[in-house]
Amino acid sequence: MTTVSWSSEPGTSRGPGPFLSVRDLSVEFSTEDGIVHAVDNLSFDLEKGTTLGIVGESGSGKSVTNLAILGLHDPAHTKIGGEIWLEDQELISADRTTMEKLRGNRVAMIFQDPLTALSPFHTIGRQIGEVYRKHKGASKKEARDRAVEMLRRVGIPQPETRVDHYPHEFSGGMRQRAMIAMALVCDPDLLIADEPTTALDVTVQAQILDLLKELQQQFGTAIILITHDLGVVAGTADNVMVMYAGRAAERGTVREVLREPRHPYTWGLLSSMPRLNSSVDVPLMPVRGTPPSLLNPPSGCPFHPRCDYPKLAGPELCFNQRPSISPETGHGDACYLTLEQKRELRTAKTEDHA
Amino acid sequence: MTSYLVRRVAGALVILMIISAITFYLFYAVPRDPARAFCGKICQPETLALIRHNLGMDEPLFVQYWHWLAGIFTGREFVQFGECPAPCLGYSFATQEPVFGAIVDRFPVTLSLTLGASVVILAFGIMTGMIAAWKVGQPLDKIASASSVVGASLQIYFVGPLLAFYLVDTLQLIPRPSYVPITENPLDWFTHLLLPWVVLSIIFTANYTRMTRSQMVEQLAEDYVRTARAKGMSSRSVFFRFAWRGAMIPIVTIFGVDLATLLGGAIITEQTFSLHGIGELAVRAVQNTDLPMLLGVTIVGAAAIVLLNILVDVLYAFIDPRVRLS
Amino acid sequence: MNETLLELKELVKHFPVRGGALIKRQVGAVHAVDGIDLTVGAGETVGLVGESGCGKSTTGRLAARLLEPTTGKVLYQGQDISHNSRRQLKPIRSEIQMIFQDPYSSLNPRHTVGTIIRGPMEVNDINPPGGRKKRVQELLEIVGLNPEHYNRFPHEFSGGQRQRIGIARALALDPKLIIADEPVSALDVSIQAQVVNLLQELQRDLGIAFLFIAHDLAIVRHFSQRVAVMYLGKIVEVGDRESIYERPRHPYTHALLSAVPEPDVSSEPRERIRLAGDVPSPINPPSGCRFRTRCWKAQDKCATEVPPLVRLSGNREGHLTACHFPEAPTTQGEDVVLDPALA
Chain A
1 MTTVSWSSEP
11 GTSRGPGPFL
21 SVRDLSVEFS
31 TEDGIVHAVD
41 NLSFDLEKGT
51 TLGIVGESGS
61 GKSVTNLAIL
71 GLHDPAHTKI
81 GGEIWLEDQE
91 LISADRTTME
101 KLRGNRVAMI
111 FQDPLTALSP
121 FHTIGRQIGE
131 VYRKHKGASK
141 KEARDRAVEM
151 LRRVGIPQPE
161 TRVDHYPHEF
171 SGGMRQRAMI
181 AMALVCDPDL
191 LIADEPTTAL
201 DVTVQAQILD
211 LLKELQQQFG
221 TAIILITHDL
231 GVVAGTADNV
241 MVMYAGRAAE
251 RGTVREVLRE
261 PRHPYTWGLL
271 SSMPRLNSSV
281 DVPLMPVRGT
291 PPSLLNPPSG
301 CPFHPRCDYP
311 KLAGPELCFN
321 QRPSISPETG
331 HGDACYLTLE
341 QKRELRTAKT
351 EDHA
Chain B
1 MTSYLVRRVA
11 GALVILMIIS
21 AITFYLFYAV
31 PRDPARAFCG
41 KICQPETLAL
51 IRHNLGMDEP
61 LFVQYWHWLA
71 GIFTGREFVQ
81 FGECPAPCLG
91 YSFATQEPVF
101 GAIVDRFPVT
111 LSLTLGASVV
121 ILAFGIMTGM
131 IAAWKVGQPL
141 DKIASASSVV
151 GASLQIYFVG
161 PLLAFYLVDT
171 LQLIPRPSYV
181 PITENPLDWF
191 THLLLPWVVL
201 SIIFTANYTR
211 MTRSQMVEQL
221 AEDYVRTARA
231 KGMSSRSVFF
241 RFAWRGAMIP
251 IVTIFGVDLA
261 TLLGGAIITE
271 QTFSLHGIGE
281 LAVRAVQNTD
291 LPMLLGVTIV
301 GAAAIVLLNI
311 LVDVLYAFID
321 PRVRLS
Chain C
1 MNETLLELKE
11 LVKHFPVRGG
21 ALIKRQVGAV
31 HAVDGIDLTV
41 GAGETVGLVG
51 ESGCGKSTTG
61 RLAARLLEPT
71 TGKVLYQGQD
81 ISHNSRRQLK
91 PIRSEIQMIF
101 QDPYSSLNPR
111 HTVGTIIRGP
121 MEVNDINPPG
131 GRKKRVQELL
141 EIVGLNPEHY
151 NRFPHEFSGG
161 QRQRIGIARA
171 LALDPKLIIA
181 DEPVSALDVS
191 IQAQVVNLLQ
201 ELQRDLGIAF
211 LFIAHDLAIV
221 RHFSQRVAVM
231 YLGKIVEVGD
241 RESIYERPRH
251 PYTHALLSAV
261 PEPDVSSEPR
271 ERIRLAGDVP
281 SPINPPSGCR
291 FRTRCWKAQD
301 KCATEVPPLV
311 RLSGNREGHL
321 TACHFPEAPT
331 TQGEDVVLDP
341 ALA
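Protein chains in written order, with full-length UniProt numbering: chain A, 1 to 354; chain B, 1 to 326; chain C, 1 to 343.
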């Protein structure tokens, strides 16, 4: 595991801004029940060739954020605010053709369930090849050759035969490999992987995560890895952002966040998960309560109804005012407790647990 | 694929046998005696018995049915009518013409009507449904949805004469419906059947509009459609190349089921426009207690439906590679 | 372990696969469960882990006699219930309960919470002292729900709360054994821990035995005193928690454990084994040892001889392993990459 600093590294010859920069992103859906505040004032950066793990539970806004980067939301029911910069291109204001040229080409995505995410009506080869034809103007023959090459690259045996098979003829792990081949066919700069291993068995999950890492080393692709599993992030990502109720709760390098977690929600997530070496005699320490409804998010810090220390920062602060991430760069979290308080609480907590 | 077809055809033959047996049985459950009708007003018991014998009606029901069945494959000899070559469906009690010949004469009319209407239903229904789905929530969608509700509530015997009155008599846009064999003059065949096609397809078309629309909307929310968009496919190609395939699967299935109803509708349409098709034969056979004709019409109609359904299933496998016909 | 509550003996469940031209006939079978032996003692928690298609859910359903075994025996308190009729099973049904994975589909959406939890009492005609309603409210309280929510419908609850309703229903008849089939895998991480804690409290306070079926090795470890590892319809290794997690002998157990992603960035490297490919089809399982097609230690013997599930030298009592070439009692720090695609 290498530690990669959060802000852009000095000394590299790249342009001024980061490769991907999301600024004050907010996403709202209008539904029959009202307006869902799916993402609220979210900012983050991603450097070339690194992996950012976005961790959160269902409804935390982690998937919505990434659909917004690709412009894949339903425009009739969605309101998007803020800016998303991919190098010098702003994506929220970009027109349809620009986005269509970008998708699958510079920015690609893989989804959770490769069985439903691949078209059941077309062969794997055709689904991979058509991306290449669309963006690179390749002929049918070239696209097919490229599909075979991609299948080989992601470790599918007998790619010349498999290229003409349909998704239902593949096993779960092979389907996800094919999905990755499809995403990488145009050598994208950014790959968004939305829970890529959640539907897979643990031994296959390990294979797929290794494959992603290896392909990244070869091609320098930047990866956003969306997951609910901090364990997946630990072995795969450089940086991590923990999301809660559409907002960033904590961000930093994987080492910083997993070793010295600062936000009480991150503490809760970590203490909820049993480990292979944790004591089995003490109960797990879950986060109490349930995630809030985004139709009507809580006032103040969205985590305060489930937080154990909402009064520690002052009688009303957590209840009335939304904390934003501080400090601006590096390891930061959105919580009003002082670093000193957090350190004390955490020490007490681990001693309790041991 | 071949073994699947063999199995399906074998199954179809069993079904046709059951249908003919039931028809046979039901016919004799009706308290009317066709021999008596032949015999005329003053009927001597001996004459009646002779007629019965000549018609083959003096034998047990099971034997009669066996003769009928065997006749289809081997032909049979009638005391009254003489040689009837295979495939023999017997002679009409009422008109004394060979049943098979009568059906062959009329079949093109009904086939033209049904197939033509199918084309109108599928083409028009799917097209309007697609437009509605493309413009979902917009005025065009609402117009398409509203008119499909109106269409579904119309009846053949009401719309038929009404349209005939306006389009044929008043405006003289199209000729009066009749049957011109396609081999004789394809254009006349087309124009003369246009009105019956439209009338027969109105109710069904509305249904297919609604179904196509809802299926398309459902498919557009599927994961693989989202993937296609994430690959940079344009909305148009996502709509017509990806979602379309998925939406067609239930439509094809329902169409297979609807074929029987469509044939029923064709009979009413024939009556409405006085077309001399199978429907007319069927109605007359019922009125005349004409067993051979009734059996013949029933079995040919059933065979057509069963065959078309096999065809639909094969089509299904072509649309959806997950369905393997084995 | 004290008195044996549930005993599975050489249990087999095959699901027929039909095909053929004119007449459909059985052309094969899914070997979902293929001869397993397992016991659950009174008040004991036994974990059953394995990847999808290994037969762990089928085993659970056989143990609850929701399925009838093809061959082999299910013994409950020494009584053979393998082929009992519905009527004969009735008294036993109240003592063995199931909790399912999906809290959304396992509750009838048209019934109130009260009706759902009362259901088992009505079916078995049980009238607790103080009435059924009072008992339901007690149960709601036990599982951490508000007793006043008696008249609410399942859709008014979150996923975790719904799973609590399912648990309350399972508790309604004071069962001796609960078979929990992936009870937390559909829930969010922070909610999973709540439900695991609840189940553990119930187990401790009420002395209920659990057959805990899950794919998450860390949760199984946390919950179960004894653990059985399944692969393609067979148990490959079984033993107490410590034996399985600290001193595993079967290569598959090693591979499973090394594949678990742990949220640690510690410096000491973990054993790293990457298996090639996916689990083979249970319709045509490999001959001999079923794991041999993915095993890095496989030799000719593995293809011809089925390894028996036995106590190996170096194993503790009750720790059984089915392998011809088991790992040494402890291995650490190895880095084995076995996937040709990744090598």
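Hints may be right or wrong, so weigh each one.
As the list claims (entries may be wrong) - Okay, the calculated bits of chain C under chain A, using three or more residues with CB under 8 Å as the criterion:
1) 102-116
2) 142-154
3) 204-211
4) 218-231
5) 253-266
Said to hold, decoys possible - Distance condition first, Cα-Cα at most 30 Å in a straight line; then the derived DSSO-like pairs of lysine-lysine:
6) K136/A - K142/B
7) K136/A - K213/A
8) K9/C - K213/A
9) K311/A - K136/A
10) K297/C - K90/C
11) K101/A - K41/B
12) K79/A - K140/A
13) K79/A - K41/B
14) K73/C - K9/C
15) K9/C - K134/C
It should be emphasised that the hints constitute simulated quantities derived from the structure, not laboratory data. Every value quoted in this text rests on a predicted model; they were computed, and no experiment measured them. Don't be surprised by glycine CBs; every beta carbon is placed ideally from N, CA and C.
Hint by hint, where does the structure go against what was stated? Just the numbers, ascending.
1, 2, 3, 6, 8, 9, 10, 11, 12, 13 and 15
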